[in-house]
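J.: Single-letter residue listing:
Number of protein chains: 2
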Amino acid sequence: MTTPLPKKLVRGSSSGVAIMAVFDLLGRKWNMRIMWELNSDPLSFRGLQERCDGMSPSVLNTRIKQLTEAELVFTTSEGYKLTTLGLSLMNTLNPLRDWAADWEEKISK
Amino acid sequence: MTTPLPKKLVRGSSSGVAIMAVFDLLGRKWNMRIMWELNSDPLSFRGLQERCDGMSPSVLNTRIKQLTEAELVFTTSEGYKLTTLGLSLMNTLNPLRDWAADWEEKISK
DNA sequence: TAGTCCGCTACGAAATAAGTAGCGATATTA
DNA sequence: TAATATCGCTACTTATTTCGTAGCGGACTA
Chain E
1 MTTPLPKKLV RGSSSGVAIM AVFDLLGRKW NMRIMWELNS DPLSFRGLQE
51 RCDGMSPSVL NTRIKQLTEA ELVFTTSEGY KLTTLGLSLM NTLNPLRDWA
101 ADWEEKISK
Chain P
1 MTTPLPKKLV RGSSSGVAIM AVFDLLGRKW NMRIMWELNS DPLSFRGLQE
51 RCDGMSPSVL NTRIKQLTEA ELVFTTSEGY KLTTLGLSLM NTLNPLRDWA
101 ADWEEKISK
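Residue numbers (the working numbering), protein chains in the order written: chain E, 1 to 109; chain P, 1 to 109.
Treat the hints as calculated values from the structure; they're not laboratory data. The reader is advised that the hints may include incorrect statements.
Because identical chains share one entry, a pair is satisfied inside a single copy or across any pair of copies.
With a cut-off of at most 27 Å between alpha-carbon atoms, the simulated DSSO-like pairs for lysine-lysine come out as follows [said to hold, decoys possible]:
id, residue 1, residue 2
1, K29, K81
2, K106, K29
3, K65, K109
4, K81, K65
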């Protein structure tokens with residue numbers, strides 16, 4: 001039988017807890033994409049849906065709720081927008097664009 | 001009936017394709033976490049599993065294959081390690097740690 | 001030879017995402 | 001004012017992904 005693994009491992013310190021929450025949030029389909037699209041423009045529900053390859057409205061709805069709860073997105077009369085916190089996240093994620101281009105180039109040989 | 005949405009929207013240019021692939025890869029449960037852990041140390045299969053809260057070995061196995069395919073991870077006699085490409089990705093993702101701390105602070109009020 | 005640990009696989013159950021129809025509200029047009 | 005259209009969003013079913021667990025075959029050890 002497989003050795004039971006401890007469910008939680010005591011790590012070096014309390015640091016590293018916050019980043020795990022970020023991984024939980026961003027490591028879910030569509031969340032990064034939605035924020036990326038909102039970083040360009042504020043968008044309506046259906047507009048966001050179109051930009052995100054026609055993703056399911058049911059999922060979009062739960063994503064918006066999550067991101068709103070996380071204070072990264074909020075609703076206005078002109079549609080959904082990033083909060084200051086959301087904008088700052090997209091700023092830290094911005095270098096990903098260049099990395100991605102580099103990666104694609106090297107991967108495709 | 002719901003208006004059919006166009007499955008693909010013509011965007012401004014060819015730029016932005018690579019970043020979508022990155023979102024696909026990183027927007028999957030465990031992928032960021034695995035790379036984060038490997039950025040600290042090279043780890044064995046079971047070691048990686050422990051660090052990742054005892055995640056299922058079946059999922060871990062498919063993740064390792066994906067990340068290897070993406071040339072972000074490779075296998076050595078001492079365990080799994082990040083490639084140069086993988087290291088550079090973690091470098092661009094590094095500011096996330098600080099952002100996460102900031103976010104947690106503001107969120108918990 | 002028997003015991004232990006390893007990377008990894010198989011497989012059923014649970015959770016998440018996709019896909020589609022359509023409701024109620026508001027806006028627009030006839 | 002009535003018909004039409006569009007909106008955000010919900011309710012459902014189906015498909016895909018992830019989880020949890022048992023355990024195989026190989027390498028090492030006693």
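J.: Now, for every hint given, state plainly whether the structure supports it.
T.: Hints versus structure:
1. K29 with K81: both (19 Å within a copy, 25 Å between copies)
2. K106 with K29: Answer is both: 25 Å inside a copy and 25 Å across each meet the 27 Å cutoff.
3. K65 with K109: between (40 Å within a copy, 19 Å between copies)
4. K81 with K65: within (13 Å within a copy, 37 Å between copies)
The earlier numbered hints are all upheld by this structure, with none contradicted.
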